[in-house]
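> Chains A and B are the protein sequences, given in the same order. Residue 42 is where the first sequence starts when you use our numbering, and the numbers rise one by one after that. Residue 296 is where the second sequence starts when you use our numbering, and the numbers rise one by one after that.
No lab work stands behind these hints: they were computed from the structure. Just so you know, even glycine gets a beta-carbon here, dropped at the ideal spot from N, CA and C. It is possible that part of the hints are untrue.
[Said to hold, decoys possible] One side of the interface only, derived from the structure: several residues of chain B facing chain A at Cβ under 10 Å: (1) Thr315; (2) Glu334; (3) His353; (4) Arg442; (5) Glu452; (6) Leu457; (7) Pro471; (8) Leu498.
[Unchecked claim] Listed next, with one range per pair, are the computed distances between beta-carbon atoms: (9) Ser323(A) / Glu513(B): 48 to 54 Å; (10) Thr548(B) / Ala60(A): 28 to 34 Å; (11) Asp357(A) / Arg467(B): 39 to 45 Å; (12) His391(B) / Ala372(A): 57 to 63 Å; (13) Pro483(B) / Pro463(A): 45 to 51 Å; (14) Arg394(B) / Ala60(A): 34 to 40 Å; (15) Ala461(A) / His391(B): 37 to 43 Å; (16) Asp354(A) / Arg408(B): 39 to 45 Å; (17) Glu296(A) / Arg408(B): 40 to 46 Å; (18) Asp521(B) / Val330(A): 54 to 60 Å; (19) Ala461(A) / Thr412(B): 38 to 44 Å; (20) Pro298(A) / Glu513(B): 36 to 42 Å; (21) Pro295(A) / Thr548(B): 42 to 48 Å.
[To be verified] Some residues of chain A that are not near chain B, with every Cβ distance over 10 Å (derived): (22) Arg62; (23) Glu100; (24) Val113; (25) Val330; (26) Asp336; (27) Ala353; (28) Asp357; (29) Asp376; (30) Leu420; (31) Asp485; (32) Ser487; (33) Asp500.
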Amino acid sequence: MGTQTTTDLPAAAGAADHAQRDLLRLATAGSVDDGKSTLIGRLLYDTKSVLADQLSAVERATRARGGDGTAVDLALLTDGLRAEREQGITIDVAYRYFSTARRAFVLADTPGHVQYTRNMVTGASTAELAIVLVDARKGVLEQTRRHAALTALLGVPHVVLAVNKMDLVGFDEPTFTAIAREFADYAHVLGLPDVHAVPLSALDGDNVVVRSDRTPWYDGPTLLELLEQVPVGRDAAAEALRLPVQYVIRPRTPEHPDYRGYAGKVASGVVRVGDELRVLPSGRTSRVVGIDTFDGPLAEAAAPLSVTVRLADDLDVARGDVLVPAAEDVATGQDLVGTVCWLTERRSVPGARVLVRTGTRTVRALLREVDARLDVDTLTVEQWDPVDTVRTIDATDTSSDAAPRSLGLNAIGRVRVRLAEPVVLDDYATHRRTGGFLLVDPSDGSTLAAGMVGPTLLDRLAPVRADERDDDWLAGAGI
Amino acid sequence: MTTSTTTLPGATTTAAPPLTQLDALESEAIHVMREVAGEFERPVLLFSGGKDSIVMLHLARKAFWPAPVPFPVMHVDTGHNFPEVIAYRDATVAEHGLRLVVASVQDAIDDGRVVETPGGSRNPLQTVPLLDAITEHRFDAVFGGGRRDEEKARAKERMFSLRDEFGQWDPRRQRPELWDLYNGRHKPGEHVRVFPLSNWTELDVWRYIERERIPLPEIYYAHERDVFARDGMWLTAGGWGGPRPGEVVERRTVRYRTVGDMSCTGAVDSTAATVAEVIAEVAASRLTERGATRADDRASEAAMEDRKREGYF
Numbered sequence: 042m043g044t045q046t047t048t049d050l051p052a053a054a055g056a057a058d059h060a061q062r063d064l065l066r067l068a069t070a071g072s073v074d075d076g077k078s079t080l081i082g083r084l085l086y087d088t089k090s091v092l093a094d095q096l097s098a099v100e101r102a103t104r105a106r107g108g109d110g111t112a113v114d115l116a117l118l119t120d121g122l123r124a125e126r127e128q129g130i131t132i133d134v135a136y137r138y139f140s141t142a143r144r145a146f147v148l149a150d151t152p153g154h155v156q157y158t159r160n161m162v163t164g165a166s167t168a169e170l171a172i173v174l175v176d177a178r179k180g181v182l183e184q185t186r187r188h189a190a191l192t193a194l195l196g197v198p199h200v201v202l203a204v205n206k207m208d209l210v211g212f213d214e215p216t217f218t219a220i221a222r223e224f225a226d227y228a229h230v231l232g233l234p235d236v237h238a239v240p241l242s243a244l245d246g247d248n249v250v251v252r253s254d255r256t257p258w259y260d261g262p263t264l265l266e267l268l269e270q271v272p273v274g275r276d277a278a279a280e281a282l283r284l285p286v287q288y289v290i291r292p293r294t295p296e297h298p299d300y301r302g303y304a305g306k307v308a309s310g311v312v313r314v315g316d317e318l319r320v321l322p323s324g325r326t327s328r329v330v331g332i333d334t335f336d337g338p339l340a341e342a343a344a345p346l347s348v349t350v351r352l353a354d355d356l357d358v359a360r361g362d363v364l365v366p367a368a369e370d371v372a373t374g375q376d377l378v379g380t381v382c383w384l385t386e387r388r389s390v391p392g393a394r395v396l397v398r399t400g401t402r403t404v405r406a407l408l409r410e411v412d413a414r415l416d417v418d419t420l421t422v423e424q425w426d427p428v429d430t431v432r433t434i435d436a437t438d439t440s441s442d443a444a445p446r447s448l449g450l451n452a453i454g455r456v457r458v459r460l461a462e463p464v465v466l467d468d469y470a471t472h473r474r475t476g477g478f479l480l481v482d483p484s485d486g487s488t489l490a491a492g493m494v495g496p497t498l499l500d501r502l503a504p505v506r507a508d509e510r511d512d513d514w515l516a517g518a519g520i
Numbered sequence: 296m297t298t299s300t301t302t303l304p305g306a307t308t309t310a311a312p313p314l315t316q317l318d319a320l321e322s323e324a325i326h327v328m329r330e331v332a333g334e335f336e337r338p339v340l341l342f343s344g345g346k347d348s349i350v351m352l353h354l355a356r357k358a359f360w361p362a363p364v365p366f367p368v369m370h371v372d373t374g375h376n377f378p379e380v381i382a383y384r385d386a387t388v389a390e391h392g393l394r395l396v397v398a399s400v401q402d403a404i405d406d407g408r409v410v411e412t413p414g415g416s417r418n419p420l421q422t423v424p425l426l427d428a429i430t431e432h433r434f435d436a437v438f439g440g441g442r443r444d445e446e447k448a449r450a451k452e453r454m455f456s457l458r459d460e461f462g463q464w465d466p467r468r469q470r471p472e473l474w475d476l477y478n479g480r481h482k483p484g485e486h487v488r489v490f491p492l493s494n495w496t497e498l499d500v501w502r503y504i505e506r507e508r509i510p511l512p513e514i515y516y517a518h519e520r521d522v523f524a525r526d527g528m529w530l531t532a533g534g535w536g537g538p539r540p541g542e543v544v545e546r547r548t549v550r551y552r553t554v555g556d557m558s559c560t561g562a563v564d565s566t567a568a569t570v571a572e573v574i575a576e577v578a579a580s581r582l583t584e585r586g587a588t589r590a591d592d593r594a595s596e597a598a599m600e601d602r603k604r605e606g607y608f
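Based on the provided sequences and hints, a complete structural model is requested.
As structure tokens, this is what we get:
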């Protein structure tokens, strides 16, 4: 830390700035040895988000692990559960909070362990920015490519490549530049829209929060400056309105005997009083006559505000319906094609009866088939000719020539699902807030898979026919 | 060396200013509450008279306005509560026409369902009457004011936290939560704990209280009180079991950062008499609220996690 100026550390957020402060949700991606925990610890520590009692606990833990007590192991700040501390493993996603005068941050800390795909997908689903860590000594690895691909798959709009451990390569500019270029080329292939690279040392704090004088050749922002500068929110005015109805508010009180309002969070776009809206999937239309909140009526409400909308006509609108612009042609249907990440250890079963949850609607469905699978190691797509899985494949018959195409934990594949009722089928690529869905096991309610409707990265990558490949992932040797 | 390696046109434009952080947190919490009201048969909101549950009730009133809050509130009464807090609880319930369910630790002790611990803290004893009340009233969703910033085990908790028939939390059995899609399905006998304030910090709660002008029990603000020192905290003298011989009562100007049971909740020396002064004090504090004033969390490094596994919040 001797190389940094310590006088210009950002102060904890002051009350005066707070009212205007906005919120950035971000996710981290990095394997265990890349220094991810240290980087998060450094972000928390240098933004003064670690308080004295938490720090003394980490100091005790550092000493207990054989540290000499002079340097605190910041990585220990993020070890939450007993099993994690005792066994050195990481269970699922944790959420961390830090803030500056300009912005508050919710960080999804996704462990880079065996369960990386599932955890990264979870963290990335709500993130507006992903930090992809690489070790400057190792450069862009398959793991890095995998993290970038999952970031692209989930549609995270901003990516920061954190080239860590620059202290171990002597803060060598050509090393950084080569890594940044290689990643940028790859990001371009994946279609990642906005990528920045920062040379840093999480251990020493160079360019994390405090600008380092050990990288005089780097004139870009520190990691925290980037996190503060990235625009949050979307251009709501340019998006199409989607308002999934959560709850019908009918007070039946003396003050409000006839009130009927449709409560929901604006998922995308803007709703205005006077708008002609269509109720999907029924297709009936009406006009917005009021947007109500506890704090008074609004003329318009943009995503992601929670509001209550009143319509001119007494339509039958219920939880699960979606309000959309009347003039827009919105896709609805009962046949869903999408890319899923399989989240449980139970493999998918062709022909399984599942529930599909999309928006506020849950419908019964049949998992017809898996017709493609992304190999996250090689980033190639295995693809099969379409068949009617339900008719031709008996999942219990292992002697069948047609191998059951199923997905195991962490696998990513394309599925075809037949729904019992029509739903709104927004493409995830253009409707990140409404194009996501879950597959749920009706017997115990567990979440089987998370999916994205329509063409995704999977459809853009070059397909490889299954019979051209020589691998045995179906035999259980997959990821 | 420029850092912007690829930027597609139009990728980062923002027309309207984004929601402020507090508006975003409020909208998220309201969304979660409406999801629960839409998906569950019998939700209940835990209401202790502490600031987090007071904020939750405020958010519930916003979420369903102009209709009344469509679920009852439940207080787990340890029998050692601050009288000011009980008065606040009863006044609030009356003002908003709420239905109050009380789960009583004293009743559970009298029935022999739980046994008083030698240390005197009744905080961990709340689990049994809580679970008994959940069973008795067949509550299937239980709102709690827990925040992930409070404690490292809570940093791992989901917004929707499935509990088995024993109320147990199993961190390995948690459902991944993606996008805004909260999966509340559960088997009979199971229930779901719901934490709409997951993404709030202590300062967020205080700033929201200031912005919304939400009244709190007066013990949150500086006042004179008879207290005695134990384990580095100021505890309120009273019939619950303090002071012991050798512990000296003195009159000090203090306030509370958290409101729980008198037997385990400590006061801090403070002259902060207004919300703004409290915010300034909390912002400058170098201690977390639980590190400063909660005895139970100090019992072991995993005290909270262990209690949560048993069905505590």
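> Hint by hint, say whether it matches the structure.
Status of each hint after checking the structure:
{"no.": "1", "hint": "Thr315", "verdict": "6 Å, holds"}
{"no.": "2", "hint": "Glu334", "verdict": "8 Å, holds"}
{"no.": "3", "hint": "His353", "verdict": "9 Å, holds"}
{"no.": "4", "hint": "Arg442", "verdict": "9 Å, holds"}
{"no.": "5", "hint": "Glu452", "verdict": "9 Å, holds"}
{"no.": "6", "hint": "Leu457", "verdict": "8 Å, holds"}
{"no.": "7", "hint": "Pro471", "verdict": "4 Å, holds"}
{"no.": "8", "hint": "Leu498", "verdict": "8 Å, holds"}
{"no.": "9", "hint": "Ser323(A) / Glu513(B): 48 to 54 Å", "verdict": "52 Å, holds"}
{"no.": "10", "hint": "Thr548(B) / Ala60(A): 28 to 34 Å", "verdict": "30 Å, holds"}
{"no.": "11", "hint": "Asp357(A) / Arg467(B): 39 to 45 Å", "verdict": "43 Å, holds"}
{"no.": "12", "hint": "His391(B) / Ala372(A): 57 to 63 Å", "verdict": "43 Å, violated"}
{"no.": "13", "hint": "Pro483(B) / Pro463(A): 45 to 51 Å", "verdict": "30 Å, violated"}
{"no.": "14", "hint": "Arg394(B) / Ala60(A): 34 to 40 Å", "verdict": "36 Å, holds"}
{"no.": "15", "hint": "Ala461(A) / His391(B): 37 to 43 Å", "verdict": "40 Å, holds"}
{"no.": "16", "hint": "Asp354(A) / Arg408(B): 39 to 45 Å", "verdict": "55 Å, violated"}
{"no.": "17", "hint": "Glu296(A) / Arg408(B): 40 to 46 Å", "verdict": "43 Å, holds"}
{"no.": "18", "hint": "Asp521(B) / Val330(A): 54 to 60 Å", "verdict": "58 Å, holds"}
{"no.": "19", "hint": "Ala461(A) / Thr412(B): 38 to 44 Å", "verdict": "53 Å, violated"}
{"no.": "20", "hint": "Pro298(A) / Glu513(B): 36 to 42 Å", "verdict": "38 Å, holds"}
{"no.": "21", "hint": "Pro295(A) / Thr548(B): 42 to 48 Å", "verdict": "47 Å, holds"}
{"no.": "22", "hint": "Arg62", "verdict": "5 Å, violated"}
{"no.": "23", "hint": "Glu100", "verdict": "13 Å, holds"}
{"no.": "24", "hint": "Val113", "verdict": "15 Å, holds"}
{"no.": "25", "hint": "Val330", "verdict": "15 Å, holds"}
{"no.": "26", "hint": "Asp336", "verdict": "8 Å, violated"}
{"no.": "27", "hint": "Ala353", "verdict": "19 Å, holds"}
{"no.": "28", "hint": "Asp357", "verdict": "16 Å, holds"}
{"no.": "29", "hint": "Asp376", "verdict": "20 Å, holds"}
{"no.": "30", "hint": "Leu420", "verdict": "18 Å, holds"}
{"no.": "31", "hint": "Asp485", "verdict": "6 Å, violated"}
{"no.": "32", "hint": "Ser487", "verdict": "7 Å, violated"}
{"no.": "33", "hint": "Asp500", "verdict": "19 Å, holds"}
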